[in-house]
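All chains should be modelled from the sequences, with the hints used to inform the complete structure.
1 is the number of the first residue of the sequence shown in UniProt numbering; add one for each residue after it.
Among these hints, one or two may not hold up.
With a straight-line cut-off of 20 Å between C-alpha atoms, the simulated PhoX-like cross-links for lysine-lysine are [claimed, not checked]:
| id | residue 1 | residue 2 |
| --- | --- | --- |
| 1 | Lys243 | Lys259 |
| 2 | Lys209 | Lys223 |
| 3 | Lys243 | Lys209 |
| 4 | Lys259 | Lys273 |
| 5 | Lys285 | Lys273 |
| 6 | Lys282 | Lys250 |
| 7 | Lys223 | Lys259 |
In short, the hints are calculated from the structure, not lab data.
It should be emphasised that the depicted structure is a prediction, and the values quoted were computed from it without experimental measurement.
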Amino acid sequence: MSVYLERPEFEGNLLFRAFINDGMTIVYPHWHKEIELIYSIRGTVNIGVGDEIVHVADGEIYFFASGEPHYFLASPNSERIVYQFDLSLFEEINLKSTNDCSLIELFETGEKHSSKWSKSLAMDMKKLLQQLFEEYGKQDLGKNYALFSLLFQLVTTFYRRLPQTHTEVKKGAKASTIKYKENLKQLDRIFTYVENHYEESITLEEIAKYSGFSSYYFTRFFKANTGTTFMSFLTEYRINQAKFILANEKVPMIEVAEKAGFASVKTFHHVFKEQVGISPLKYQKMIIK
Numbered sequence: 001m002s003v004y005l006e007r008p009e010f011e012g013n014l015l016f017r018a019f020i021n022d023g024m025t026i027v028y029p030h031w032h033k034e035i036e037l038i039y040s041i042r043g044t045v046n047i048g049v050g051d052e053i054v055h056v057a058d059g060e061i062y063f064f065a066s067g068e069p070h071y072f073l074a075s076p077n078s079e080r081i082v083y084q085f086d087l088s089l090f091e092e093i094n095l096k097s098t099n100d101c102s103l104i105e106l107f108e109t110g111e112k113h114s115s116k117w118s119k120s121l122a123m124d125m126k127k128l129l130q131q132l133f134e135e136y137g138k139q140d141l142g143k144n145y146a147l148f149s150l151l152f153q154l155v156t157t158f159y160r161r162l163p164q165t166h167t168e169v170k171k172g173a174k175a176s177t178i179k180y181k182e183n184l185k186q187l188d189r190i191f192t193y194v195e196n197h198y199e200e201s202i203t204l205e206e207i208a209k210y211s212g213f214s215s216y217y218f219t220r221f222f223k224a225n226t227g228t229t230f231m232s233f234l235t236e237y238r239i240n241q242a243k244f245i246l247a248n249e250k251v252p253m254i255e256v257a258e259k260a261g262f263a264s265v266k267t268f269h270h271v272f273k274e275q276v277g278i279s280p281l282k283y284q285k286m287i288i289k
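See below:
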């Protein structure tokens with residue numbers, strides 16, 4: 001089965017999200033650059049990591065390092081809270097001291113299953129994750145500051161108390177992880193280009209040339225690693241930009257279309273309705289009412 005890249009949708013500039021999945025929510029093999037923590041709040045969650053199945057019991061925690069492929073199997077009568085965050089929010093270049101390992105290394109080499117932690121660490125981490133989830137669901141003043149504070153506390157706790165794994169990494173698994181990291185680096189360049197140029201016309205030939213690939217190879221590379229075509233991804237990205245503008249700005253539709261990177265209002269209206277199911281104007285009225 002193919003392993004696809006997942007791109008979590010965060011709220012604005014806050015590179016963190018938390019949500020609940022029940023045990024019947026099956027998630028196919030995927031990977032992403034963000035760190036992901038799983039907190040089982042009911043029953044046992046069955047997770048696939050590489051070629052192994054991990055059982056995360058009620059009250060236990062498990063996390064995935066950046067770029068680590070994983071999937072979720074059916075886990076009847078269970079419920080889990082999923083936490084995802086981008087390591088870039090910690091501004092490591094300014095905060096990392098000489099004796100600190102990198103954040104990437106911290107999550108790669110630490111014991112990922114709380115069943116192998118000390119009881120005190122597991123208890124403190126459960127309290128912290130519960131606070132994170134509760135704060136994320138609030139709309140109180142200073143919400144983002146509170147979330148950042150808790151995330152920094154999480155990282156600090158792991159730096160000081162997370163045991164290191166003693167499991168020898170299999171050669172195949174290591175090679176696979178290296179491959180995903182290389183692909184992730186290449187995809188990051190592509191995504192950054194789109195983020196900086198989506199308002200302009202971007203052709204398949206242009207993005208392929210920027211990536212150092214032929215159009216044919218680029219098409220295959222992008223589809224194999226994301227599960228979608230580049231042009232479909234670009235359209236979805238522009239639609240999401242349009243949604244943000246419609247929800248936060250009172251500007252004419254022609255300006256929304258231009259800001260989101262569409263060639264004309266007619267094209268924007270057609271594509272938006274096709275993707276979202278309603279017209280841009282109806283979407284705006286529904287959001288701001």
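List of violated hint numbers, smallest to largest: Violated hints: 3, 7; rest satisfied.
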